[in-house]
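Student: Each chain is listed here by its residues.
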Amino acid sequence: MKISSLSLRISLPIVLVSALAIGLTVFLNVGKLERTLAEVEQSRLHFTLADLQDNLETGLDLGLPIRGLGNAQAALDFETRADPDILSISVVDPEGVVVFHSGSAAATPVAPLGSVKGASWNRREPDALVAGQKLSNNFGVTAGAVVMRYSPRGHDRFVQAISSQLGAAALVAVLLSSAGFVFGIQVLGRRVSGSLRTMEDALQGQPLDPRTDAAAQALVGRVSQTTASARAELDAACQALSSGGAS
Amino acid sequence: MSAAKGMNVMSGVEGLPEPAAVQPVSVQQTAQLHARPVRRLFAFVLSVLLVSQLAVSLLAWSLAERQFVPELERKAQTVGASLANKLTRALGYGIPVEQLVGVDEFFAEVLRENADLAFLSLSDDRGQELFRSRKALPKGQEVDPSSANALEVAVDVSFEGRRVGQLHVGVDRQYVAGRITGLRYDIAIVLVTSLLIAFEILWLVVTLNLSAPIRQVVELMTRLANGDFREGAAAGPGRSLAESLNRLVDGVNQGFAELLRLAAEPARRAAASPLLEGLRQRYQFAEDGLSRPAGEQRLIGVRILTVLFMSAEMLSRSFLPIYAGSLSDHGLNLPDGLRSSLPITAFLLAIAIAMPYAGRWSDQIGRRRSYITGALFVATGLAVSGLVPEYLMLIVARAVTGLGYAMMFMSCQGLVIDHTSLRDRGKGFAMVVSAIAIAQICAPPIGGILADRIGYALVFIAGMGVALVAAAVASRLLDNHRPHAPEARPAARLRLSMLSGNHRFWTLALLSGVPAQLIYTGFLSFLVPTLLSGMGSTQSEIGRDSMVYGLIVVALVPLFAWCCERFETYALAVGLGGMLTGLGLLSLQWNPSPQAVVIGIAALALGHSMSISAQLVLVTRATREEALEVGSGPVLGVFRLMERLGAAAGPVAAGLLVASLGAPRATVWLGGFGVVASALFTLAFFLTGRLSPRSHAA
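Going down the list, the sequences are from chains P and D. Position in the first sequence counted from 1, then plus 436, gives you our numbering. Position in the second sequence counted from 1, then plus 69, gives you our numbering.
To be clear, the hints were calculated from the coordinates, so they are not data collected in a lab. For clarity, every value in this text was computed on a predicted model and none was experimentally measured. From the three backbone atoms N, C-alpha and C, an ideal C-beta is built for every residue, glycine too. The reader is advised that the hints may include incorrect statements.
What the hints assert, rightly or not - Okay, the calculated beta carbon distance ranges per label pair: (1) D/A499 with P/P646: 38 to 46 Å; (2) P/S678 with D/G700: 49 to 57 Å; (3) P/R560 with D/T638: 54 to 62 Å; (4) D/R201 with P/L498: 33 to 41 Å; (5) P/R503 with D/K155: 22 to 30 Å; (6) P/R560 with D/V457: 26 to 34 Å; (7) D/R635 with P/V623: 42 to 50 Å.
Said to hold, decoys possible - With a Cα cut of at most 25 Å, we get these calculated SDA-like pairs of lysine to any residue: (8) D/K155 with P/G506; (9) D/K496 with D/S701; (10) P/K570 with P/D487; (11) P/K553 with D/S701.
Model the full structure from these sequences, guided by the hints.
Tutor: Structure (structure tokens):
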């Protein structure tokens, strides 16, 4: 079927709007899923941190300084071994200086804890998801924090997978709807052209297709009748003037 | 008409065909011939758009459910391991597992803090359930752990190397679906907006390429059926039919030209006169023998051009005061509320000052040039707003955006005047008004959604993109030619002294027009984002709530316009509309919540729907005498200027109130001002109506 330039002219802007709308829908969905995933991940990391917090705060409650927590290194090593996606876990003092560290990532000092709002925090760094939990003794004084750096590979893989699947679906939706638009508009255009052609044929004296719309039939009939009448009256008037008007 | 020959009673000339009396064919009767295919096309395109977007959203939801399962399982394992550790520690104190105290409360707290968990249970080593807690759900909703809704992970609880029990962690599979369902409002907004924009574009493209040419042919046939042979058809779809019709028209007109030639001969003049008179009574011919092609439909472009320029500016409406408030004012030490409101006032003030000049300038240089220049101003202003995070630059950029906005607005208004006659001008302006409403519905929520995800700066840049698209569309649709330029009127200037004694005009302007605009911009443009942001709403939610205004106005303006006309209640509508607006804002006194803000927006929309068109009718009536001298344009211009100055004052007044009282109380004060102004308006309008000799006029 040859696509007319008219159906292309009508279809193209609609295809563009459709693509934009579907693209925005995918963008919104991917964004929401990523945020939901981040929430679940953060919540999971905080469970791990909460275990460490319980463990380490037991020592702090006994009055030990943070550097004197004898079981800290073993606890950190246990957790990093348990989950290969944990890049590192550090225990820092109130100034943010690393006092215990375990894992493959280098020990990185953090900002002094006085400048950190809240008891826990999360942030995304280029190479890691970072979660922190303040440690306090039984007087409520902040004695340090435990900071976990987690591999973002799983997160990024998830987002990539969802994005590519939804992107592919969006592409298919755009292609299908575009084909639908072009085809539908083409069919409608042909139908309109067919009606116009039938009306034209009828004006030229050919019988009207009985399937033609009743209003179109009536209109064509009235046009033919009025035009014929007008021409007949004009002819008769000309003849009347030519034959008798001059005498 | 009968072609039977005999004595013609109309011309009195024997031998001419007898015309039969027939009912004329009306345009309404034949309109369905061109309207039906267009309606089908619209229904088809909008259905495909709807289905494709719904399909993508449904797929996203089902994908999310599947893809999240591994992550939820990991979370359940971690939770299980963590809780099992804690239980093991308790067992270390020598308490048997079945005698542990406070396990239910402990589980309940964990469930409260983790919305994705459905239940927690602890069983002994024989599998006998000892403790169980389930997520608290709304009444009537229960999570059945055995159903597919929960994903269960079991973790052993061991003590001294021996398994003493098992902890069961149930993850709510519906959690992710529920979170995704939270997107339904955003998706619905995208859906509604894309359908409205697609509708606008479709209307433009279909009108220019399909329906206008077909309508032209059908209307030509209707005229021919009624004996009017003065016009032919232009080329387009149905060209072949148009050519056939043109041949018929030309044949008839040539016959008439021949008759005129014969009638012009002195010897035949006397006989020709009744013949021509009779024919002219029944038919209308092209007197020079040539038919004129019917005019082209260009006015439709004004809709899409209005939607585009309004959308470019309104994309940032839901967050502009928040953005302005976040910028440092470099030592000016402006109070917070004032700092947030000044950029909005700069924009509105630039519009108020520029509009009268922009209208004349557009008349002089042409619609295309003035619209494109305005679009470039708007694009520049929005680009600077987004790219230069400096407070003073933002004020300058907003003023530049306002200048461009005024140019584009006046170009669109001029376009309507150019392409309409007095008879159909109302219809033309209705196109502009509905286009503004569509932009008001679509742009703020989309801007809010985007701001939440890509940040303020990129939304300004998106607005710049829309302004540039508007310029590109204008360069394709518009020209600088003015087909129906109104004839130059004699230079009659309106002096303010002419209006000084017109108390009704000043009552309308000062107690209705100015307060209505002041409250509109002060509340909707400034206080709504400030209030909702302070109450913790996201940008998407602020945009969504602002959308309520446009939706109500679109739905109710025609209804109230009809009611006012039908029952002659213009003054009542203006007074009551203002009162309702004020009362709506007062509701924040008792309940400063997002719901109360939405009630305020709805009341503002309801009040404006009642008063917008009624106000203009009252102004026209109250200034009938002045309008006779200088025309209604300059009088309405004074009223509009005062309204725009009121609009410019709105954000700054609200900002000052916020600085001293806080946003909720500022809203209440604004509402109180609305109520007092409306009460005074009603009283004063009633009094001036009784005392003034013009009372009969309004």
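Student: Could you run down the list of hints and mark each one as holding or not?
Tutor: How the hints compare with the structure:
no. : hint                           : result
1   : D/A499 with P/P646: 38 to 46 Å : 41 Å, holds
2   : P/S678 with D/G700: 49 to 57 Å : 55 Å, holds
3   : P/R560 with D/T638: 54 to 62 Å : 60 Å, holds
4   : D/R201 with P/L498: 33 to 41 Å : 35 Å, holds
5   : P/R503 with D/K155: 22 to 30 Å : 26 Å, holds
6   : P/R560 with D/V457: 26 to 34 Å : 27 Å, holds
7   : D/R635 with P/V623: 42 to 50 Å : 44 Å, holds
8   : D/K155 with P/G506             : 20 Å, holds
9   : D/K496 with D/S701             : 18 Å, holds
10  : P/K570 with P/D487             : 13 Å, holds
11  : P/K553 with D/S701             : 63 Å, violated
Hint 11 from the list above is the single one not met by this structure.
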